[in-house]
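Let the sequences and hints guide you as you build the complete structure.
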Amino acid sequence: MEFGPYLLLACLEGAVLAAVLALMASGLSLVFGVMRVVNVAHGEFYMLGAVAAWAVTSMLGAGAVANFVAALVIAPLAVGLLAAAADMTILKRLEYDPERTIVATIGLLYVIQQLTLMTYGADARPVVAPFNSRIALPWVEWGENGLSLYYPWGLSTTSYKLFVIVAAVVLITGLRLFMAHSRAGLIMRATQLDGEMATAFGVPVERVYAIVFGAGAALAALAGVLIVPIQQAHYLMGGDALLLSFIVVIIGGLGSLTGTVVAAILIGMSDGIISVFFSPTLAKIIATLVVALVLVFRPQGLFGAKDR
Amino acid sequence: MSDVTKKTGLVAASDHRPAAPTRRQALKTLAAGAGAAATMPLWARYASAQSAEPIRIGFGKHATGIGAAYGRWYDRVSQAAVAKINGDGGINGRMVELVTEDDGTDPRRAAELLEKFANQSNCDIAYGTLFSHVVIGAAPRAGELKLPYFVVSEGHHVASGMLNRWTVQPGITDVKSQVAAMAPFITDMLGKKVTMIFPDYGFGYDHRDNLTPAIEAMGGEVVGKIAIPPTETSFTKYFPQIPRDTEVIYHVMVGPAVLTFVKELGEFFGPSRPEIFGFIDSLEAVDINSPGLEFLEGTYFWEGMPRYLQPDAPDYVKAYRDAVGLDANGASTSDPSDVSTAAHMFGCWETLHVIKAGMEAAGYQSKDDRQALIEAVEAMTEMPAGPAHPQGAKIFNGKTHQVFGPQYISKVEGGKLSLVHTASAEETLYPDEVDYTTMDF
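Residue numbers (the working numbering), protein chains in the order written: chain A, 1 to 308; chain B, 1001 to 1441.
Treat the hints as calculated values from the structure; they're not laboratory data.
On a predicted model such as this, the values are computed, not experimentally measured, just so you know.
All C-beta atoms, glycine included, are put in the ideal place defined by N, C-alpha and C.
There could be a bad hint or two in this list.
[What the hints assert, rightly or not] FRET-style restraints, in silico, Cβ to Cβ: (1) B:T1437 with A:E2: 54 to 64 Å; (2) B:Q1120 with A:V65: 49 to 59 Å; (3) B:S1418 with A:L293: 54 to 64 Å.
Structure below.
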């Protein structure tokens, strides 16, 4: 394949990964930013989103579009409620102690994974995309008559992949606006800055924590619903996603939404491009190396604020 | 991981095993008190009671992990084969019992299981595992434990001499022989310039290392070799490595994401695809009519045994499919969306029947006869097609511990796989690479 079309294909693949990663890592970052909880079970909420999407679409049995829209609404809601319940029954009782919550969420990871295995089973199951047509992409070349368009071999994407990218952009913009301009966002930011002071001003901090934990999980579930028509739902799919999310959040700066998005684009695109031109293993090696360098030279991450 | 232990067959009434240790204790005490001579008749009675116990076959099942779809069907076929063997009177008058455990498609766990089968769950032999990295990881333990290990794996690792005298593969053919039979079809019918896409581990390397010389021997050329990790979930990023002058894509993929793999292959090529020849592994347990797979129409697949019921299928094939619970489309009779791994799972049925034949030839009575069982299997040669070998007539090579059998090529026509070519077992033979019979037990 020629270099130009090759690069475009790599960027498109990278953009899909970046979109899903940005959504998922935003959830992880939100939870850490507000609650200071490192949620190791985050990948399992992503997996639950995908599995719930399969359950909703196969039970509803309406048209592909109606099924998918229902999954898009029901799956994040259900996963969010589950996570909020986990927060109230587990994390709250640990008083959000950083070390103990890590151990608790590791436990949660295994509980969710094994319960899924026992009920949903070990198979990967597909969800039909609401729409999915192949789009051949043109490329420019210098011909006899100057610039002309042609369709290179293999250069294509699908309408659904483009939809995933657009949906992620819309959702993350919405999340930013919500955090910056809504009253609920203000309360969350206030809790993030100083929990005790927020309590003094009458903010129900525990309820905010439950909502934030639920919302973080719902974002992961949403990412799961978006990816499942491309990748199928499988009980082990949370592992890689969790690793990449941590990489993104550490590079971007824990708790910084802007940093998370920038890092997701960086990691997603570089993963796409390096995987295409070299090997996917090299992409993972480089991403992990970047994490190490960031931790050494800029421990707060690219966009993180230094501890006051 | 959840351990699954299942009992099969008509064993409930005759299973004295839980009482045995206390009885043995009692006997020991008695022996100490009354002297050896007085207890002799009791010992003799105990010995005859033991031989009425079922023959226990430890079955390492890929119930979880990346091999789960295969594990589910391997289990069903094994259960059906054991039910049939028990219905026909068992082995040497004893019932057969499967002791099923989940190996998680994990080599380390599989090696632990062999230990458990030998030392804890009182199994006579071990059987079952498929994925090549699991077999390669576990088989050395079988050698150390001196436990006969009947694998249904398809890898070339048995016949290559990598394993040991206790590991045999008498029920499924290996990749090297399959590839040897496919290469002439590919170069004659489809094209000379071949790009291979294969999983990045032992099984994939068997394809890579054996297809290349086979294609070159037919005057063709392998122009691209693309290795993909079996745990990969997104594939489009690999496809630009396919050289532009490729005439035939040769694909074989495993793992939970095979449907995504084939779908993205179709999306990559669009309307201008080259000829495509796949190993059905890429679509095992996947409905060939899944959305996005329409482009497969007119492509070819290797099948170990046809998934769809062919019009001229003999009665013993129909009986096998009925016993396993396969409908005409190769899906479960109880759930049409539960598509089988038909091209591999017949190996379980045939292996269990070889175990039966081997134990009968060796006069197998107890674990002391394990070596005699291996020697009896090594002495086997012809295996005629029939109820015990529904996939077709086979030749067993006792020196390499590997069986050879017919290979099938099917074409996707009207959303079904139709058999277009059968290669005989003789066409798949290759020179021996090892002689296990010269090795020590």
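Each hint, compared with the structure:
1. B:T1437 with A:E2: 54 to 64 Å: Since the Cβ atoms of T1437 of chain B and E2 of chain A sit about 56 Å apart, the hinted range of 54 to 64 Å holds.
2. B:Q1120 with A:V65: 49 to 59 Å: Holds: the Cβ-Cβ distance is about 54 Å, inside 49 to 59 Å.
3. B:S1418 with A:L293: 54 to 64 Å: holds (57 Å)
In this structure, every one of the numbered hints holds.
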